[in-house]
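Number of protein chains: 2
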Amino acid sequence: MQKLVVRCFALSLDGFSSAPGQSLENPFGKGGLVIMDWARQTRSFHKMIGQEGGSTGIDDDFMAKAMDNIGANILGRNMFGPVRGPWADDDWKGWWGPNPPYHTQVFVVTHHARSALAMEGGTTFHFVNDGIESALQQAFVAAQGKDVRLGGGATLVRQYLQAGLIDELHIVITDKLLGSGERLFEGTDNLARDYECVETVASGTVTHVRLAKKKRD
Amino acid sequence: MQKLVVRCFALSLDGFSSAPGQSLENPFGKGGLVIMDWARQTRSFHKMIGQEGGSTGIDDDFMAKAMDNIGANILGRNMFGPVRGPWADDDWKGWWGPNPPYHTQVFVVTHHARSALAMEGGTTFHFVNDGIESALQQAFVAAQGKDVRLGGGATLVRQYLQAGLIDELHIVITDKLLGSGERLFEGTDNLARDYECVETVASGTVTHVRLAKKKRD
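Protein chains in written order, with this note's numbering: chain A, 3 to 219; chain B, 3 to 219.
Treat the hints as calculated values from the structure; they're not laboratory data.
Nothing here was measured: the structure is a model prediction, and the numbers come from that model.
Some clues are possibly wrong.
Copies of the same chain look alike in the list, so a pair counts if it fits in one copy or across any two.
The calculated lysine-lysine pairs, modelled on DSSO-like cross-linking and capped at a C-alpha distance of 30 Å, are [as the list claims (entries may be wrong)]:
#, residue 1, residue 2
1, LYS49, LYS217
2, LYS216, LYS32
3, LYS32, LYS67
Build the full structure now, drawing on both the sequences and the hints.
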């Protein structure tokens with residue numbers, strides 16, 4: 003059975019996955035990037051951006067496994083870029099430069115049509131404008147038996163959560179405070195009914211928590 | 003310097019300190035009591051309700067210290083009881099029976115006047131209806147140099163947080179999901195500016211986090 007999984011999704015201690023004011027300079031909003039400090043110091047992250055060094059241990063283990071058995075990715079439109087509304091042109095090609103760290107087909111959920119965009123390293127961005135279930139269906143096909151990773155942002159993860167379509171959700175509760183921003187858990191009343199916590203592991207400053215869909219009898 | 007502290011304040015993983023539907027049978031709302039499981043299994047809690055046994059370790063250490071150097075307590079009206087609106091009579095004397103676990107002066111913040119209520123074991127409930135600062139002032143006096151503990155509920159803790167009056171806030175992030183209920187961190191935009199995380203300790207299923215007011219230069 004293929005799964006839809008969320009991995010390494012960081013939250014501030016007060017429940018926000020980004021601060022207000024997303025822009026080209028601030029993908030996580032103003033001051034929001036601190037919730038990724040735990041990840042950016044790991045060896046796996048260093049490797050991903052072509053650097054030596056970095057920490058090993060629990061945080062690095064989760065980072066290292068983030069792409070394990072992932073055959074396709076799904077992203078929300080705001081996670082793909084700061085551009086809002088219809089695509090004026092094809093200039094914006096994501097935050098990640100010419101060789102994005104996905105190396106799979108990536109399905110970007112958006113209200114606005116745009117042609118597919120092939121990047122270096124095996125990443126192709128497809129823009130899906132007929133809903134989250136269509137994006138998931140296409141991603142499962144593209145993943146060829148492997149799992150699909152939903153990268154974020156919070157709005158899209160919330161939509162998939164509300165629909166009960168996420169099989170595993172790994173969140174990272176950090177020791178950072180944002181005060182305001184975008185919540186992951188908002189209007190997710192079905193959470194208590196449909197999901198349960200299956201793992202809690204702390205690594206010093208952050209706590210890794212894995213939620214899984216409850217088994218139906 | 004006397005401090006206003008919050009200790010052992012439990013939250014669900016999705017950020018709620020109680021579920022909807024508080025009533026006489028359900029002080030934490032329907033199904034909400036599960037966020038206190040970690041506390042109820044400790045030796046300190048067993049001792050508090052006159053029972054033998056219970057777990058030792060990190061959770062118990064926090065429970066054991068919850069009343070350390072506390073000279074007075076402050077409670078919100080909903081934490082004192084499920085009664086809403088003006089006090090019809092003096093029948094309701096709190097959730098805790100004739101000998102409440104406070105053993106100090108307790109200031110209950112309410113909109114509605116009521117005479118002080120002396121209980122067994124040194125607890126006296128005072129009903130303060132002129133605001134949170136007045137309650138704090140009275141509690142500091144009653145504490146005679148010791149600290150004051152703010153017990154909850156979330157609404158009152160939030161008000162003191164927003165006013166920057168809490169010196170230390172110990173929260174317990176549990177592995178339980180509630181889906182909806184009352185949030186602690188809502189409209190607390192000042193949190194990032196005024197507070198910082200000074201300790202994160204995990205005990206298996208829950209994570210203890212201590213926030214402290216930032217030092218001003």
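Hints versus structure:
1. LYS49 <-> LYS217: neither (37 Å within a copy, 37 Å between copies)
2. LYS216 <-> LYS32: For LYS216 and LYS32, the Cα distance is within 30 Å only across copies (20 Å; inside one copy 36 Å).
3. LYS32 <-> LYS67: within (29 Å within a copy, 38 Å between copies)
Of the numbered hints listed earlier, the single one contradicted by the structure is hint 1.
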